[in-house]
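S.K.: Chain residues, written in single-letter form:
Protein chains: 2
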Amino acid sequence: MSDVPGGQPTDSALDPAPERIREMGAAAVEWAAAYQEGIRDLPVAPRTSAAELKAQLAEPLPAEGRDFEALMERFRDVVVPGSRHSGHPRFFGYVSAPGVAVASVADFLASALNANLPAWRSAPAPTELEHVAVDWIRQALGCDEGAGGLFTSGGSMANFTALAAARHRHCGDEVAAHGAAAHPKPLRIYTSAEAHHSIHKAAALLGIGRANVREIPVDERFRMRVDALSRAIEEDRAAGLDPFCVVASAGTVVTGAVDPLASIAAVAQEHDLWLHVDACYGGFARLAPSARPLFDGLSEADSIALDPHKWLYLPADVGCLIYRNPEQVKGAFALGADYTRVLHSEPAEAFAFWDYGPDLSRRFKALKVWMTIAHVGADAMGEAIESNLDRARHAAALIDDSDDFELMAPVELSIFCFRHVPASMRGRALSDDEERELDKLNERIMLTLQQAGSSYLSNASIHGRFALRGCVLNYRTTRHDMEILLDDVRGAAATVPPP
Amino acid sequence: MSDVPGGQPTDSALDPAPERIREMGAAAVEWAAAYQEGIRDLPVAPRTSAAELKAQLAEPLPAEGRDFEALMERFRDVVVPGSRHSGHPRFFGYVSAPGVAVASVADFLASALNANLPAWRSAPAPTELEHVAVDWIRQALGCDEGAGGLFTSGGSMANFTALAAARHRHCGDEVAAHGAAAHPKPLRIYTSAEAHHSIHKAAALLGIGRANVREIPVDERFRMRVDALSRAIEEDRAAGLDPFCVVASAGTVVTGAVDPLASIAAVAQEHDLWLHVDACYGGFARLAPSARPLFDGLSEADSIALDPHKWLYLPADVGCLIYRNPEQVKGAFALGADYTRVLHSEPAEAFAFWDYGPDLSRRFKALKVWMTIAHVGADAMGEAIESNLDRARHAAALIDDSDDFELMAPVELSIFCFRHVPASMRGRALSDDEERELDKLNERIMLTLQQAGSSYLSNASIHGRFALRGCVLNYRTTRHDMEILLDDVRGAAATVPPP
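If you read the protein sequences in the order shown, they are chains W and A.
All residue numbers for the first sequence refer to numbering that gives the first Met the number 0, where the first residue is 0 and numbers rise by one.
All residue numbers for the second sequence refer to numbering that gives the first Met the number 0, where the first residue is 0 and numbers rise by one.
In case anyone wonders, no lab produced these hints; they're calculated from the structure.
Take these hints with a grain of salt, some might be off.
Identical copies look the same in the list; a pair holds intra-copy or inter-copy alike.
The calculated DMTMM-like cross-link candidates involving lysine to aspartate or glutamate, where the alpha carbons are at most 20 Å apart (straight line), are [as the list claims (entries may be wrong)]:
id	residue 1	residue 2
1	53	438
2	53	348
3	329	173
4	53	385
Quick caveat, the model's predicted, so the values are computed rather than measured.
Model the full structure from these sequences, guided by the hints.
M.R.: Dropping the structure here:
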């Protein structure tokens with residue numbers, strides 16, 4: 000590093016010498032290698048309190064800097080033990096990926112290069128790489144050529160962005176220019192009663208209103224009832240409301256149900272509605288042969304939301320939105336400012352991501368998606384997803400074969416919902432009071448399990464009842480882990496007094 | 000790494016052995032150290048085309064994985080040379096940070112740990128660390144204790160989120176539940192004619208409408224005119240419109256103007272409007288002694304949007320939103336789902352970021368903010384920012400002293416806007432035709448400069464005229480770099496035929 004006249008010191012915390020970068024990098028890599036090696040032996044979740052952590056972490060804005068080593072120590076000694084370990088093979092809570100190692104390396108490279116991707120002109124090769132990575136996802140989903148999109152902060156924003164695009168196609172620029180009140184009738188969105196609440200949140204933020212998300216009842220497998228969908232649209236039209244969008248779920252967050260996509264696409268087409276598919280959890284399962292038929296009809300969607308930070312095993316955050324016809328949506332997000340005026344004449348070089356979503360500055364998230372898919376390959380990715388499906392089915396079989404557990408929903412993908420039933424309550428109908436006692440019992444079992452640290456489940460509500468809910472989304476999880484999980488639940492149940 | 004019965008292979012692309020993680024990490028770190036060492040000698044921006052890059056990068060979804068080394072090679076040989084180098088000391092385009100090295104390391108650690116921060120329960124220590132890092136920013140801005148917030152994908156989303164919160168305070172839950180049309184009068188937002196267009200985009204997305212963003216004229220220093228603001232609010236009220244929010248700019252994107260915050264705060268208070276300050280570019284300049292007085296009144300804002308990926312020098316993406324009263328905004332973003340039901344009774348442990356913004360899954364962005372501030376220290380950060388201000392003032396002085404350049408706006412922070420004036424056009428009033436010729440000339444100069452690769456400026460429109468615009472946001476930039484820049488512009492001008 001040459002000495003530049005009038006420059007900053009050539010080895011400072013802001014602009015360290017190459018040796019310092021190597022030292023910091025080596026310490027971080029060493030930690031990561033050891034962390035991933037030992038992850039199976041860590042407690043899945045920490046036993047700690049906000050008060051304890053604040054005592055270790057809170058301090059006033061420091062005037063002076065301190066050594067990287069001191070910060071690394073704080074990270075290792077306080078932050079890591081105070082974290083839930085998403086990569087642990089028996090972390091089954093929510094929908095949570097382990098974070099594949101090559102993607103961490105890609106995230107480091109992305110930050111060191113610090114490409115910013117508002118538009119092609121600001122990051123030519125990174126923009127092209129985002130096109131490549133998005134196109135690989137398009138192919139994985141079986142969508143037609145010409146579909147395309149972009150990476151987002153996550154699934155909630157991908158759903159929000161899709162609804163914004165759908166509204167714009169339906170209402171034209173009138174709403175963007177003059178507000179939702181400029182549209183003559185209340186807009187209506189249709190989604191199943193099991194849909195993710197980010198749909199309702201998006202409707203609230205967009206000025207459409209949560210109450211204008213009409214929830215369609217589901218069948219016995221928690222899939223949207225297509226007959227009920229058609230009826231709801233017709234009813235609403237007759238009542239002077241304005242249906243414009245159907246949101247199908249390809250993997251609901253509670254049970255993993257995949258709505259009948261082809262039939263819903265037919266209804267959407269018949270009524271000229273935008274079809275958005277929330278495939279954040281389930282979409283990539285199309286790579287697993289045994290799940291592929293569930294996704295028939297997916298390619299007919301106008302937009303598809305995905306979370307590569309779920310079933311592509313990537314670290315947060317990276318969501319994805321694919322449009323069937325990207326050119327159609329540009330008006331919804333256009334910026335009119337001179338500093339975003341693009342001087343290129345070649346269309347691919349005039350391309351700007353800000354025409355397709357809400358952000359202007361955008362991280363080079365594509366690098367981790369590209370590197371992970373290219374390093375792993377679609378076949379091995381599909382095998383890993385298939386193995387996750389197998390683990391969930393194995394758990395379901397063990398639960399079905401047991402005396403003390405009861406499966407509460409069909410296993411459609413890699414989510415399994417069940418509860419513990421104590422001996423006194425087995426093999427007979429339960430009163431409402433007994434059901435409520437069973438809810439409380441299983442909630443206590445879950446909290447005890449989470450505290451014990453060997454396995455982690457979260458909760459769900461199935462037909463109003465408390466369910467222990469697990470989601471397998473980790474290539475490290477074995478069949479044996481499923482057996483350990485059930486033993487851990489039994490162990491927790493044994494320490495919780497039955498009702 | 001022990002062999003687990005029934006598990007995946009213990010050294011695969013998805014789950015590599017520790018030695019492989021060390022190898023991948025070492026290769027990446029070595030690249031980053033060399034990249035940062037040599038960054039001054041790179042062309043600032045690539046000379047390439049979309050066609051050329053597509054030929055090197057596009058390929059079908061790969062069924063088989065390939066070695067990390069092959070991917071690293073593609074990154075080094077295609078992606079890096081095809082990128083603009085934001086960390087180059089003479090990259091003056093847009094508002095773009097270099098990406099400090101320690102933050103790349105933090106981004107690696109964040110991805111390897113893969114904490115996900117929707118709520119405390121999912122990431123206890125990372126959540127507490129986000130509170131610490133946000134609180135450091137609160138202190139840097141001089142805001143009162145009790146103010147707090149969260150990190151966002153960037154400034155556009157921070158502005159969007161603030162406007163959503165402002166609307167919710169004003170309209171209550173009626174709009175969230177039933178849509179914008181449920182509010183009896185058109186909502187109105189006030190911001191200066193120089194405000195960032197993400198405000199207009201947010202208004203469009205929220206269903207408020209771009210046309211309901213009323214642009215207030217600016218003074219000779221491009222600051223919002225407070226008298227005009229008061230008049231506009233009164234006029235709108237008299238016309239039956241419903242003013243609810245003022246957006247002040249603390250560092251406009253075109254010239255770096257900081258609106259008179261204290262006076263605007265008084266008007267907002269008088270009219271009971273939410274005051275949001277878009278401090279995405281300028282906010283952190285409060286750490287530089289010479290700029291501090293510009294930020295008087297900032298602490299009276301109801302919300303402040305910032306971009307740590309601008310003047311904290313962090314790699315994208317990390318925006319930040321600070322609320323004066325966080326508890327007030329929760330209803331705007333609430334999720335009603337059972338899977339987000341929080342079972343903790345301790346308030347700090349029941350805390351959920353989804354109550355304060357649009358996202359559910361959230362990356363551990365706080366780690367890079369915390370590590371960078373703690374490693375550098377607020378004093379050295381302030382000195383670096385001060386040095387950026389100095390460089391812009393130095394450029395302005397050189398421009399003022401020159402025959403061939405003309406400063407087009409006052410230098411308020413680190414942005415400088417100017418143009419080249421050929422000998423034939425100096426020292427006299429120009430006709431409209433001549434002004435347009437000068438616009439075209441300077442546009443050609445900018446494109447020539449960008450192609451040449453030694454320095455990079457972007458463009459702005461000042462009183463309708465084309466300006467060369469530079470923004471100094473890099474601790475590597477020296478006074479000498481400013482001299483090289485002006486020589487580079489002269490060199491570009493010499494190759495472009497005068498009108």
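S.K.: Each of the hints needs a verdict: does it hold here or not?
M.R.: Hints versus structure:
no., hint, result
1, 53 / 438, "neither (33 Å within a copy, 56 Å between copies)"
2, 53 / 348, "between (49 Å within a copy, 11 Å between copies)"
3, 329 / 173, "within (14 Å within a copy, 30 Å between copies)"
4, 53 / 385, "neither (42 Å within a copy, 32 Å between copies)"
Hint check: violations occur at hints 1, 4; the rest are consistent with the structure.
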